[in-house]
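Engineer: Sequence:
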Amino acid sequence: MISRILGGLLLSLAADISASFGAEPDSSAQGERVFRNQCQGCHSLEPGVHIAGPSLHGVVGRNAGTVADFEYSAPLQQAQLVWTPEVLDRFLAAPDDFLPGTRMVFWGLDEDSRHLLIDYLEWVGKR
Numbered sequence: 001m002i003s004r005i006l007g008g009l010l011l012s013l014a015a016d017i018s019a020s021f022g023a024e025p026d027s028s029a030q031g032e033r034v035f036r037n038q039c040q041g042c043h044s045l046e047p048g049v050h051i052a053g054p055s056l057h058g059v060v061g062r063n064a065g066t067v068a069d070f071e072y073s074a075p076l077q078q079a080q081l082v083w084t085p086e087v088l089d090r091f092l093a094a095p096d097d098f099l100p101g102t103r104m105v106f107w108g109l110d111e112d113s114r115h116l117l118i119d120y121l122e123w124v125g126k127r
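Those letters in the sequence shown? Residues 1 to 127, per full-length UniProt numbering, in order.
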């Protein structure tokens, strides 16, 4: 009986320790799913790897239109935006409404998907 209790406590402690040292957040699997289903066809998460769109590694907190070796649309280059979670949320709701003339051909995401994706992108950028 005592060994079962101690075993459970050790497992719980190990989980707490791993969570405090950069372990993947619970919602990251859902955010990764949103990325794979909605973004991966055009964007990479590897630094410097561009597909139809620029790499999204480190996008949260980055100045918009500044990734090297990627040709951005004029509206995005001139927007003087920083991709904060709030700005990303507005952009990902309806990219062409938020920034007319963007080359990103995408209809937008619902609120829950946007939040999961932004949290995931923020987490990936810190790894």
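Heads up, some of the hints might be wrong.
The following label-pair restraints were derived from C-beta to C-beta distances [said to hold, decoys possible]:
1) Ala68 <-> Ala29: 27 to 35 Å
2) Ala29 <-> Gln77: 18 to 26 Å
3) Arg103 <-> Gly48: 14 to 22 Å
4) Asp89 <-> Thr66: 16 to 24 Å
5) Arg127 <-> Asp97: 29 to 37 Å
Below, a list of computed lysine to any residue pairs in the SDA-like style, where the Cα atoms sit at most 20 Å apart [claimed, not checked]:
6) Lys126 <-> Val87
7) Lys126 <-> Ser28
8) Lys126 <-> Gln78
9) Lys126 <-> Ala52
10) Lys126 <-> Val49
11) Lys126 <-> Arg36
12) Lys126 <-> Leu76
13) Lys126 <-> Ser27
For the record, the hints were derived by calculation from the structure and aren't laboratory data. These figures come from a predicted structure and were not determined experimentally. In this text, a Cβ means the ideal position worked out from N, Cα and C, and glycines have one as well.
Engineer: Hint by hint, say whether it matches the structure.
Structural biologist: Quick rundown of the hints versus the structure:
1. Ala68 <-> Ala29: 27 to 35 Å: holds (31 Å)
2. Ala29 <-> Gln77: 18 to 26 Å: violated (34 Å)
3. Arg103 <-> Gly48: 14 to 22 Å: Distance hint for Arg103, Gly48 holds at roughly 19 Å.
4. Asp89 <-> Thr66: 16 to 24 Å: Since the Cβ atoms of Asp89 and Thr66 sit about 20 Å apart, the hinted range of 16 to 24 Å holds.
5. Arg127 <-> Asp97: 29 to 37 Å: Holds, at about 32 Å.
6. Lys126 <-> Val87: holds (19 Å)
7. Lys126 <-> Ser28: The hint holds at about 13 Å.
8. Lys126 <-> Gln78: Not OK: Lys126 and Gln78 at ~27 Å, beyond 20 Å, violated.
9. Lys126 <-> Ala52: Cα-Cα ~23 Å, so violated.
10. Lys126 <-> Val49: It holds: about 17 Å lies between the C-alpha atoms, which stays within 20 Å.
11. Lys126 <-> Arg36: Holds - the C-alpha atoms of Arg36 and Lys126 are around 19 Å apart, at most 20 Å.
12. Lys126 <-> Leu76: violated (24 Å)
13. Lys126 <-> Ser27: holds (16 Å)
The structure is inconsistent with the numbered hints 2, 8, 9, 12, although it conforms to all the rest.
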